[in-house]
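A.B. asks: Sequence:
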Amino acid sequence: MKYSIRRQITAIFIGLLVFILGAVLVVNNGFLGTYYLSHKSQELLRTYNEVDSMFTENKLSETSSLNNILIRTEKANVDLIVIDAGGDAVLSTLGTADPRFKEMTLGMLVGMAGVNVEDVIRKTDAYTIYRDAAQGVTGDVEYLKMSGRLSDGSWFIMQSPLASIQESASLANRFLIYLGVIGIVFGGLLIWLFSRRITQPVMELAGLSQEMANLNFEAKYTRGGEDEIGILGRNFNRMSAQLEKTVSELKSANNQLQKDIEQKEKIEDMRNEFLGNVSHELKTPIALIQGYAEGLKEGISDDPESREFYCDVIMDEAGKMNRMVKNLLTLNQLEFGNDEVQFERFDIVRLVKGVIASCEILVQQAEAEVDFIADDCLYVWADEFKTEQVVRNYLTNAVHHVENEKRIEVRIASEDGKARVSVFNSGKPIPEEDIPKLWDKFYKVDKAHTREYGGNGIGLSIVKAIMESFHQKYGVKNFENGVEFWFELDAGSGGEKAKTDSCGRVVS
Numbered sequence: 001m002k003y004s005i006r007r008q009i010t011a012i013f014i015g016l017l018v019f020i021l022g023a024v025l026v027v028n029n030g031f032l033g034t035y036y037l038s039h040k041s042q043e044l045l046r047t048y049n050e051v052d053s054m055f056t057e058n059k060l061s062e063t064s065s066l067n068n069i070l071i072r073t074e075k076a077n078v079d080l081i082v083i084d085a086g087g088d089a090v091l092s093t094l095g096t097a098d099p100r101f102k103e104m105t106l107g108m109l110v111g112m113a114g115v116n117v118e119d120v121i122r123k124t125d126a127y128t129i130y131r132d133a134a135q136g137v138t139g140d141v142e143y144l145k146m147s148g149r150l151s152d153g154s155w156f157i158m159q160s161p162l163a164s165i166q167e168s169a170s171l172a173n174r175f176l177i178y179l180g181v182i183g184i185v186f187g188g189l190l191i192w193l194f195s196r197r198i199t200q201p202v203m204e205l206a207g208l209s210q211e212m213a214n215l216n217f218e219a220k221y222t223r224g225g226e227d228e229i230g231i232l233g234r235n236f237n238r239m240s241a242q243l244e245k246t247v248s249e250l251k252s253a254n255n256q257l258q259k260d261i262e263q264k265e266k267i268e269d270m271r272n273e274f275l276g277n278v279s280h281e282l283k284t285p286i287a288l289i290q291g292y293a294e295g296l297k298e299g300i301s302d303d304p305e306s307r308e309f310y311c312d313v314i315m316d317e318a319g320k321m322n323r324m325v326k327n328l329l330t331l332n333q334l335e336f337g338n339d340e341v342q343f344e345r346f347d348i349v350r351l352v353k354g355v356i357a358s359c360e361i362l363v364q365q366a367e368a369e370v371d372f373i374a375d376d377c378l379y380v381w382a383d384e385f386k387t388e389q390v391v392r393n394y395l396t397n398a399v400h401h402v403e404n405e406k407r408i409e410v411r412i413a414s415e416d417g418k419a420r421v422s423v424f425n426s427g428k429p430i431p432e433e434d435i436p437k438l439w440d441k442f443y444k445v446d447k448a449h450t451r452e453y454g455g456n457g458i459g460l461s462i463v464k465a466i467m468e469s470f471h472q473k474y475g476v477k478n479f480e481n482g483v484e485f486w487f488e489l490d491a492g493s494g495g496e497k498a499k500t501d502s503c504g505r506v507v508s
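The C-terminal position of the sequence shown is numbered 508 in this note's numbering, with every residue numbered one higher than the one before it.
Don't read these hints as lab results, they were simulated from the structure. Just to be clear, a hint being listed does not mean it is correct.
Stated by the list, open to error - List time: in silico DSSO-like cross-link candidates among lysine-lysine, alpha-carbon distance up to 30 Å: (1) Lys-477 with Lys-353; (2) Lys-477 with Lys-441; (3) Lys-259 with Lys-441; (4) Lys-428 with Lys-473; (5) Lys-418 with Lys-437; (6) Lys-297 with Lys-251; (7) Lys-477 with Lys-428; (8) Lys-259 with Lys-464; (9) Lys-406 with Lys-437; (10) Lys-418 with Lys-464; (11) Lys-353 with Lys-464; (12) Lys-266 with Lys-297; (13) Lys-251 with Lys-220; (14) Lys-245 with Lys-264; (15) Lys-123 with Lys-75; (16) Lys-245 with Lys-259; (17) Lys-297 with Lys-259; (18) Lys-264 with Lys-220; (19) Lys-473 with Lys-406; (20) Lys-406 with Lys-464; (21) Lys-473 with Lys-418; (22) Lys-464 with Lys-264; (23) Lys-477 with Lys-418; (24) Lys-220 with Lys-245; (25) Lys-123 with Lys-102; (26) Lys-353 with Lys-259; (27) Lys-123 with Lys-59; (28) Lys-266 with Lys-75; (29) Lys-251 with Lys-266; (30) Lys-473 with Lys-437.
With the hints as extra help, turn the sequences into a complete structure.
C.D. replies: See below:
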């Protein structure tokens with residue numbers, strides 16, 4: 001294959017190794033000697049600077065400064081002699097009996113005489129660095145020498161042998177280490193640059209396989225290419241598309257099956273619960289209707305007033321049964337999600353006023369008074385029909401349980417973007433242990449009183465189902481002189497901000 005990954009990797013690594021090896025050989029052969037000589041010259045310069053600083057600052061008598069000079073010259077394999085203006089050796093790393101002492105002293109007197117110009121490495125007003133291969137008393141040894149004057153006027157001479165095998169080997173190894181580090185850095189950089197062409201497509205394919213394992217088929221291989229990875233990437237894309245289609249079909253079928261099963265279970269549960277509730281609640285009214293109907297048939301009482309009373313009881317119980325069945329159907333629709341919520345913006349104040357007006361007869365029969373406390377209007381977002389059911393349930397519940405001073409207070413307040421509607425009735429507080437159960441179907445705190453006005457314990461269950469479908473808060477609160485039921489809705493803004501109020505009237 002023309003674009004084979006194997007060929008690319010082989011060519012890259014062979015070329016890289018040849019380049020590094022050739023570069024090391026060329027640099028080693030061409031610059032090692034120069035580097036070696038430069039290193040020795042730097043050692044002599046550093047020693048010169050320390051000695052000059054010591055004499056300038058007059059620290060010759062300090063033991064620490066003198067020891068530092070001796071340690072440096074010993075490590076660098078440097079011989080040093082400093083002679084003052086009187087011709088006395090004030091500092092020397094050699095003994096006076098050492099042949100090198102006499103040789104270096106003579107060289108200081110002779111100066112640059114006999115030194116070839118090409119052997120001079122560096123020359124300044126203060127010192128000269130040069131190579132000296134002349135044969136002396138110490139034998140035929142080549143030295144790198146440095147001579148001249150210090151800042152205080154003293155004469156000095158230093159020398160270091162250039163033919164030290166141990167030092168040469170150490171320097172060569174250090175030089176090769178430097179070259180090796182540089183070669184590794186540049187070689188690593190080149191390998192990293194070239195390897196990206198291989199590793200990035202492979203990593204993209206690895207990420208693509210992970211996404212496919214997580215059933216995410218939106219990810220695709222986008223790099224292309226004519227090598228093995230490019231072909232594999234195109235096959236991945238075709239496999240991803242086919243899997244997406246297959247999984248989508250399976251999910252659709254499974255989802256529909258799940259919906260059918262859940263719907264069937266809901267219907268079955270609703271049917272069983274509905275039958276159980278109806279059979280439980282209809283026992284008493286059916287028994288009453290049956291008993292009074294049999295009394296009429298057997299002629300227990302022949303006077304017209306008694307027959308009319310019997311008929312009124314039958315009609316009243318039948319009406320209660322009818323209302324209870326309707327409430328149960330409404331509650332089941334709410335609980336099982338069959339009744340859609342239609343959110344719209346409407347005036348809650350107007351709605352509550354309408355409910356109070358429609359319940360006026362019930363209020364008069366209970367000999368109660370209704371106090372309505374609210375602004376002129378307040379717009380909210382909710383299902384208007386279901387909100388009316390909640391208000392009506394609260395209000396009728398208050399009318400049926402109002403006692404003492406026979407006072408009912410309906411209040412609408414707005415705070416923090418919420419409209420809070422509360423209905424208070426004077427009377428006996430609800431026992432604390434009964435409050436959590438108020439919202440359960442068919443639960444009655446005072447069964448005798450509830451039966452008296454025809455209640456069936458479903459109204460507050462309907463309130464609970466409606467408010468939960470709104471995802472809003474609701475509740476009940478006890479007071480010493482009565483009970484308050486409340487609920488909240490999202491308040492809706494009307495008109496332009498800062499120019500109109502919630503009723504759409506222009507404000508200054």
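A.B. asks: Now tell me if each hint is right for this structure.
C.D. replies: Comparing the hints with the structure gives:
{"no.": "1", "hint": "Lys-477 with Lys-353", "result": "23 Å, holds"}
{"no.": "2", "hint": "Lys-477 with Lys-441", "result": "20 Å, holds"}
{"no.": "3", "hint": "Lys-259 with Lys-441", "result": "27 Å, holds"}
{"no.": "4", "hint": "Lys-428 with Lys-473", "result": "24 Å, holds"}
{"no.": "5", "hint": "Lys-418 with Lys-437", "result": "26 Å, holds"}
{"no.": "6", "hint": "Lys-297 with Lys-251", "result": "64 Å, violated"}
{"no.": "7", "hint": "Lys-477 with Lys-428", "result": "12 Å, holds"}
{"no.": "8", "hint": "Lys-259 with Lys-464", "result": "25 Å, holds"}
{"no.": "9", "hint": "Lys-406 with Lys-437", "result": "25 Å, holds"}
{"no.": "10", "hint": "Lys-418 with Lys-464", "result": "18 Å, holds"}
{"no.": "11", "hint": "Lys-353 with Lys-464", "result": "22 Å, holds"}
{"no.": "12", "hint": "Lys-266 with Lys-297", "result": "43 Å, violated"}
{"no.": "13", "hint": "Lys-251 with Lys-220", "result": "21 Å, holds"}
{"no.": "14", "hint": "Lys-245 with Lys-264", "result": "29 Å, holds"}
{"no.": "15", "hint": "Lys-123 with Lys-75", "result": "25 Å, holds"}
{"no.": "16", "hint": "Lys-245 with Lys-259", "result": "21 Å, holds"}
{"no.": "17", "hint": "Lys-297 with Lys-259", "result": "52 Å, violated"}
{"no.": "18", "hint": "Lys-264 with Lys-220", "result": "41 Å, violated"}
{"no.": "19", "hint": "Lys-473 with Lys-406", "result": "28 Å, holds"}
{"no.": "20", "hint": "Lys-406 with Lys-464", "result": "26 Å, holds"}
{"no.": "21", "hint": "Lys-473 with Lys-418", "result": "10 Å, holds"}
{"no.": "22", "hint": "Lys-464 with Lys-264", "result": "24 Å, holds"}
{"no.": "23", "hint": "Lys-477 with Lys-418", "result": "18 Å, holds"}
{"no.": "24", "hint": "Lys-220 with Lys-245", "result": "15 Å, holds"}
{"no.": "25", "hint": "Lys-123 with Lys-102", "result": "24 Å, holds"}
{"no.": "26", "hint": "Lys-353 with Lys-259", "result": "42 Å, violated"}
{"no.": "27", "hint": "Lys-123 with Lys-59", "result": "27 Å, holds"}
{"no.": "28", "hint": "Lys-266 with Lys-75", "result": "95 Å, violated"}
{"no.": "29", "hint": "Lys-251 with Lys-266", "result": "22 Å, holds"}
{"no.": "30", "hint": "Lys-473 with Lys-437", "result": "17 Å, holds"}
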